[in-house]
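Colleague: If you want the building blocks of each chain, they are given just below.
Protein chains: 2
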Amino acid sequence: MQFNMKETIEVLERTPQTLEYFLSGLSESWLHCNEGEATWNAVEVIEHLIEGEKNNWIPRLEFMLQEGCNRPFPPFDRYAHLNVQSQTSIEQKLQEFKTIRMQNINKLNNLIEPNLHLKLKGSHPAFGTVKVSELLSTWVVHDFTHIAQIVRVMAERYRADVGPWKDYLGILKN
Amino acid sequence: MQFNMKETIEVLERTPQTLEYFLSGLSESWLHCNEGEATWNAVEVIEHLIEGEKNNWIPRLEFMLQEGCNRPFPPFDRYAHLNVQSQTSIEQKLQEFKTIRMQNINKLNNLIEPNLHLKLKGSHPAFGTVKVSELLSTWVVHDFTHIAQIVRVMAERYRADVGPWKDYLGILKN
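Top line first, the protein sequences correspond to chains A and B.
For the first sequence, this note's numbering assigns the number 9 to the initial residue and increments by one for each residue that follows.
For the second sequence, this note's numbering assigns the number 9 to the initial residue and increments by one for each residue that follows.
This is chain A alone, in the form it adopts within the complex (with noise of 0.2 Å):
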């Protein structure tokens, strides 16, 4: 197992402010490109990162830590932040998410003791039984796919305008 909690806190405190300070200011025209129908732009994947800091990391990991294997956690809508008509400004977005992500550190670090914590194990509504550190390992990749997404969704716009050069560039291989 590579998981390290101390790790794991790194990643998830830098995230929300690597963001902030990327996404901020940008024109209109890289923040609401997509990769076509039904394909998020950047604002719309920080609205997810918000509804998953709300709805359901901390959650699940209360969840399990109480319930075990007893019950299994209720589903998370991946899709719930494109039901809702936010009109806030993207900083505004991005301020949230970080105020969000460093409450919910902080619960995290409440929570969980690593030599306690990290192998107990809850029901996923899916795929059954998984651990705490699972969780706590998929919030951290969940940031790196979300960072990732955003920068090919970006990459996307400028696809016919690099040219030759296309064959180069790993990002736009899809």
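These are calculated hints, taken from the structure and not from any lab test.
Same chains, same label: a pair holds when it works inside one copy or across any pair of copies.
DSSO-like, lysine-lysine: derived pairs with alpha carbons at most 27 Å apart:
id, residue 1, residue 2
1, Lys106, Lys174
2, Lys174, Lys139
3, Lys129, Lys139
4, Lys127, Lys62
5, Lys139, Lys127
Use these hints to put chain B onto chain A, whose structure you have.
Modeller: Using the frame of chain A, we list chain B on its own:
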């Protein structure tokens, strides 16, 4: 054409500080993990980005503006940084990247008048005629590619640790 000079610079000027915030102070286990033999870790990606600032983007732009299609510009060795045994810390490398990128954005602003220069052509050693706008678009998408690479390499470290969530995490699909 989606290419826009102002929006291109928006990204170019954000990349170094974004990566500085994300990588500074991270544990060695994140900075030195890779995807297996002959793959790059996050530090090597930053070294490659610095190499590109020194020997790729602006030198090629200057060459194109001077030579047009008369002579192909010299090849860029994408592996040059692997031959240099650099002993500087990640924080020093990120600072170097930020400094040289800012210098290069200044040069870019001095060299290019968008209404005059974007359609000018040069000769790429491998694939022939290319336009200035294609070189500049590639500079941006190259940033995106390597931001995506850094988080993909880091995600790899927790591949086994996420357990059954692996199937939900796009970044682990490869």
